[in-house]
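Student: Listed below are the residues making up each chain.
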Amino acid sequence: MIKTNNLTKIYRTDEVETVALNNVNVEVAKGEFVAVMGPSGCGKSTLLNVIGLLDNPTSGEYYFNTQEVSKYTERMRTNMRKSNIGFIFQSFNLIDELTVYENVELPLLYIKMSSAERKKRVNEVLDRMKIAHRAKHFPQQLSGGQQQRVAVARAVITKPKLMLADEPTGNLDSANGEEVMDLLTQLNEEGTTIIMVTHSPSHAEYAHRTIQLFDGHIVTENIKKEFHL
Amino acid sequence: MFKNYFKLALRNIVRQKGFSFINIVGLAIGLACCLIILLFIQYEFSYEEMHHDLDNIYRVLTIDKAMGTNSQRVGITIPALGPSIPEAFSEVEDFLRVTNQGQLLVSFEENPFVYIQNLCSADENIFDFFGFKLLEGDPESALREPYTVVLTKSEKARIFGEENSMNKTIRTGNGYDLTVTGIMEDLPANTHLSFTAIQSFTTRIAQARQNQPPDSNQPIWIESWQMIAMPTYIRLKEGFTSEGMDERLTAFCRENEVGENFDITLQALDDVHLRSTDIIFDSGISNKGDINYIYIFAAIALLVLLIASVNYMNLSTAKSMQRAKEVGMRKVVGSVRSQLINQFLGESLTLTLLALLLAIPLVEIVLPWLNDLGGTGIRMNFLENHVISLFMVALLIVVGIISGIYPAFVLSGFKPVTVLKGSFKSGKKGTTLRTVLVIFQFALSIALIGSTAVVQKQLKYIKNKDLGYNREQVILFDMQDNLMSENIELLQEELKKHSAFEKVAIAGNVPGRTFGRTGVNPEGAVDDDIWIMSRVSLSADAIDALGMEIVLGENFLPEITRENFDVIINETAVRQLGWDNPLEKRFFFGPQDSTGVAIRGIIKDFHFIEMQQNIEPVIIFPQTRGPGNIVVARIAPGQTEFAMEHVRQVWKDVYPDHPLSFSFMDDEFNSIYHRDEVTSKIVNVFSGLAIFIACLGLLGLASFAIAQRRKEIGIRKTMGASSLAIVKILTFSFMKWVLVANLIAWPLIYFSMSKWLQNFAYRTEMDIWVFLISSLIGIMIALITISLQTFKAANANPVDALKYE
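Protein sequences appear in the order of chains A and B.
Per the working numbering, the first sequence starts with residue 58, numbered consecutively.
Per the working numbering, the second sequence starts with residue 37, numbered consecutively.
There could be a bad hint or two in this list.
[Claimed, not checked] With a straight-line cut-off of 20 angstroms between C-alpha atoms, the simulated PhoX-like cross-links for lysine-lysine are:
| # | chain 1 | residue 1 | chain 2 | residue 2 |
| --- | --- | --- | --- | --- |
| 1 | A | Lys176 | B | Lys43 |
| 2 | B | Lys355 | A | Lys193 |
| 3 | A | Lys128 | A | Lys281 |
| 4 | B | Lys747 | B | Lys355 |
| 5 | A | Lys128 | B | Lys355 |
| 6 | B | Lys39 | A | Lys177 |
| 7 | B | Lys493 | B | Lys772 |
| 8 | B | Lys717 | A | Lys193 |
| 9 | B | Lys451 | B | Lys53 |
| 10 | B | Lys747 | B | Lys828 |
| 11 | A | Lys176 | B | Lys39 |
| 12 | B | Lys355 | B | Lys451 |
| 13 | A | Lys169 | B | Lys39 |
Simulated from the structure, these hints should not be mistaken for lab results.
These numbers come from a predicted model, not from an experiment.
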């Protein structure tokens, strides 16, 4: 599903040049669950951003579903992203002014869908994430665990093929963290490809394999579980 | 999608109460100013709209080019010209003469005398000419016969009450009767015409014939080609324009032996209200407007709106960090930039809509005050007034977009990669722009304060300037009709009896009112050098009573005889004539005059016309015994109450039939500058609003900037900075921009106000104090605005700030 060749990302300011990714070659198969680990500043999030089409690489090739997308314009990336990729962030990134229901509904507003269909889809997902009773609440009225469940609901609402999670449990206590990991595992079992950045070795255990990054390089790849197509 | 945007906009407005308040209130005030000014402009341009043939009607003006004048446009013309025009000019359909005669005392049967407020005499075609309808009577014939009158509805009610008035006769104080032949609607406020009753023009012709000496071989004044006296209008046939008519009318006058000193010019009827401020001998026209004031008000209203829009731009970009996460997230889930731009424009439009909804009641509250101040009849009626409805929609869209476009572009440009990580800080570029905008706002506000100060200074200058006469404590009694004139000396004598009166004298006219003009041949001038000079008749007592000063020669003698019938002229006349020994010179009146009159004295220049214009040469004739026009009475200091008591007593005895009528000279003086007073008040209000809105913006920005510097303040305090030191740092960081704004404001004040002052021939100086004081006021207001925020920040516990970070 994902294949990169010599992916490089360099950040430049007036005086400093930072190499965030240096000739990274990654391959992720459809239905796989991959964890990305490494110390702070090693390029984990940058990799996720490039894979998630939020950012273009400086050089190298990136194949998404066999399509070379590394030179895509912002508009092309947005179009590709909105029906194919879901995101979960450490800090949830829910919009404070919108209710739980509206936050989850948001991605559907940017794809053509009737309001009846939207309503049905949102209610289903809220039920599944066990937060339907909180639909009319605002994010600040929820616990951290509940907020991340809303974020997961928002990420899955468009039924994306790829789910990118950037430290999804980083802001949660262990119980809520486990809960989110169970949700991700469940999604993966239903066929969603997942790439997750994490600092937690125990949460990385949930993945089929772990990629270790250091200073923009892949240093090791550990296969934890057998994965069959 | 739009529902989502709208909902979000409203929630943001509710959540960010402080920012929303500043934006909505600021914009509402700005919008209200614009609406009011539009209503005012609309009203000013609505003058004469009621006349059905507006585009074809012109006023016939004269240009007076004679020596001694400033080559001015004159509101009246040659009396014989009007009636001759339709015959000589095939494109002219009709002419009309309307002369204003002011108040007239009348009575019906045994009822007490009342004044007709404003009588005019007009040709019988006035109703057809201007398209006025009669409620009663036949418009074709109502004003055909001499001694007929048409009353307005309210004038009829004052004289007759409920009774039928048609064909009834009213007695006038001038000893003749008038028959009521028609009733018309009251004139609307938005016309330059201002009569409450129209007497047939044939009445004036009959009176002029009566007053003509039996042996005279001259035409009556109404038919004369040799004077400038008649307000005249013409109406062109459909399809013709006035192009080239000025020259042809002037040539036509030359054919009729009108001197080279007078040219004719036409003024379109719809220019009369707004483009007549330079025209003299125009006293029949009440409430003249001024196109320049319209420009000034419109400019100021736009400035106020701009300052309010800048607040929106500033505060929206300042708080952009709070929206960054939303923008990032929307982009992540599939929004493209144009959708976000639309969303943010939608928000500014929503906010502008709320401001507009608040502006409407504001306008309703302010309008009565404004109408009262300006004597206007402005109303806001959306159903009838489509222009204002359309303007509001346009204003909503334009202001919404202008305010929202910059924030929309800034906010929609955020990169999700940056903002979602939480490492995002608003860029330096945004800060620079906000600084520039704050400087701009304050520069405009300070410029408005400075302008207000200059306007005030000029008005004060006018009020305190030595006028060359003393207008304080002077009462004027106008002899309205023959009955009053007969007893003028009795009134004078009776008033003199009380010690509360220092001087009681008779005058033909007084400074501040329009003086007549006369042509003279000064001694030593070439034959055809006719000088046109303003003229007034005063008694020796009147010169004293008005506090005028003879600087050379002497005042008139108390008894005027043929031998001592000399004149007094002013210093300007002496200067312009270039005479070294004026007392040895004479004036001649026409080629037949061989003796002329001697010059008895030179009077110190006095302002008999408004200060917008230079003092002109004036010739003072002695007021001879007999019916005069005005009794001038000077009250002794502190005696006003006794004097007025005495006036009431005397009046009853001298004029039992006449309602008490008098005026104070200083009131008349003030009314000349009423328009300037009104302008000054309006500019005051506008400046106040502008600075208020700018302060709201500064308040919002200060609270934002301080919130951003919480950590810095915390660290500084931890390192030992005192609260005072923090206050100093914060204050300076804002005040330096206000100081820069001053530097921009000063030239703005200087150039705009120099231009305004040029309207006045006599004007105040723009000294350094004007600039210093306006700057000081601007700085003080800005300091007060930010002081609460800075003190709060400086006294906060640093631990909170650092923990928070």
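Student: All hints are to be evaluated individually against the structure, with a verdict given for each.
Tutor: Outcome of the hint check:
1. About 17 angstroms separates the Cα atoms of Lys176/A and Lys43/B, which keeps this hinted pair within 20 angstroms; it holds.
2. Between Lys355/B and Lys193/A, the direct Cα distance comes to roughly 26 angstroms. Violation of the 20 angstroms bound is thereby established for this hinted pair.
3. A distance of roughly 34 angstroms separates the Cα atoms of Lys128/A and Lys281/A; the hinted pair therefore is violated under the 20 angstroms criterion.
4. As the CA atoms of Lys747/B and Lys355/B are separated by approximately 17 angstroms, the hinted pair is consistent with the 20 angstroms bound.
5. As the CA atoms of Lys128/A and Lys355/B are separated by approximately 33 angstroms, the hinted pair breaks the 20 angstroms bound.
6. Note on Lys39/B and Lys177/A: the hinted pairing holds, with a Cα-Cα distance of about 18 angstroms set against a maximum of 20 angstroms.
7. Annotation: proposed proximity of Lys493/B to Lys772/B is violated, straight-line Cα distance about 29 angstroms (limit 20 angstroms).
8. A C-alpha spacing of about 53 angstroms is found between Lys717/B and Lys193/A, which places the hinted pair above 20 angstroms, so the restraint is violated.
9. The suggested pairing of Lys451/B with Lys53/B is violated, with an alpha-carbon distance near 27 angstroms, which exceeds 20 angstroms.
10. Proximity of Lys747/B to Lys828/B is assessed by CA-CA distance (about 14 angstroms); at most 20 angstroms being required, the pair is judged to hold.
11. Pair hint Lys176/A plus Lys39/B holds up; C-alpha atoms about 15 angstroms apart against a cutoff of 20 angstroms.
12. For a cut-off of 20 angstroms, the pair hint linking Lys355/B to Lys451/B stands: about 17 angstroms separates their Cα positions.
13. With a CA separation close to 15 angstroms, the supplied pair Lys169/A and Lys39/B stays within the 20 angstroms bound.
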